[in-house]
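**Q** Same order as they appear, the protein sequences are chains A and B.
Each residue of the first sequence is one higher than the last, beginning at 1 in the working numbering.
Each residue of the second sequence is one higher than the last, beginning at 1001 in the working numbering.
Treat the hints with care, since some could be wrong.
[What the hints assert, rightly or not] If you only want the chain B side, here are some residues facing chain A, beta carbon under 7 Å, derived: (1) V1035; (2) Y1052; (3) A1056.
I should point out that these hints are in silico values taken from the structure, not numbers from a laboratory.
Predicted model only: the values in this text are computed from it and were never measured.
Don't be surprised by glycine CBs; every beta carbon is placed ideally from N, CA and C.
One letter stands for each residue in the lines below.
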Amino acid sequence: MVDINDIAFLGMAAVVIGGAISALEAKEIVYGAIGLAFSFFGVAGLFFLLDSPFVAVFQITVYIGAVAVLILFTVMLVREGRWMRDSLGSLERLVGILTAVVLAASFALAFAASDLLKSAEQSTPPSFVGIGQFIAGPFAPALELLALVLAAAILGAMMLAKVERKDRP
Amino acid sequence: MITLDDYLFVSAALFAVGVYGLVTKRNAMRLVFSVEMLINAANINFIAFNRYLWPAALGQTLVLFSIALAAGEAAVILAVVVVAYRMHDDVDVSELKSLGG
């Protein structure tokens, strides 16, 4: 019997992997960035299927709303014919594909050998109320630190762009 | 019936695609794409393990932190890419030697 959840899972998995492959193999990098956005969206769909709607909405807001748009902006800002080239020998591609296949096969073998996964059953989904309790409780110092890290990242990005403009006439 | 294994297989496939990009590509933007894929694969694992093996929302909390860190990291990398493009008119990472000692 085919469940609606199975179809949704297969569709989302296809979007995730297809988007990732097209992000790397599209001739134009702009199309690659759009494929990457599709891949992010598929990951958010997987989060929904895993009963984590809060994280899924966060994923859509931050990744598709901010990171993908930032990447598209950068791609269009530095868009010129010379940097679009993607010189790739067939030997390099073969080595890369072999590495990926060996890695994926070793992961799959490890999953198949694990006893933990076979006993895993879906219980009641964890409530997102728990996220707030974790963030306000034991993760409060990490949250403060994260705010500092984000501030440092923004300041660093601004400084990088500013210094370059000054020493180039 | 979708089990934990299926989510882990999707995550492993996404990770493998990201590693393929890191190994083969020389374009800085493609490397940024690859790193984002690796982070997303790890996030899928966190959420899947949390859903099947743990009753509290610990994994979801960690993924929220991970997403925020990845956003900051992407901002810095993209600033570096823009600066490198202005200095060298090129984003081939094998040509960027000025950071070497």
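**Q** The structure should be examined with respect to each hint, and the outcome stated for every one.
**A** Hints versus structure:
1. Because the beta carbon of B:V1035 sits about 11 Å from the nearest beta carbon in chain A, more than 7 Å, this interface hint is broken.
2. Against a cut-off of 7 Å between C-beta atoms, the interface hint on B:Y1052 holds, since the closest Cβ of chain A lies about 4 Å away.
3. Taken as an interface hint, B:A1056 checks out: its beta carbon lies about 5 Å from the nearest beta carbon of chain A, inside 7 Å.
The structure shown violates just one earlier hint, number 1.
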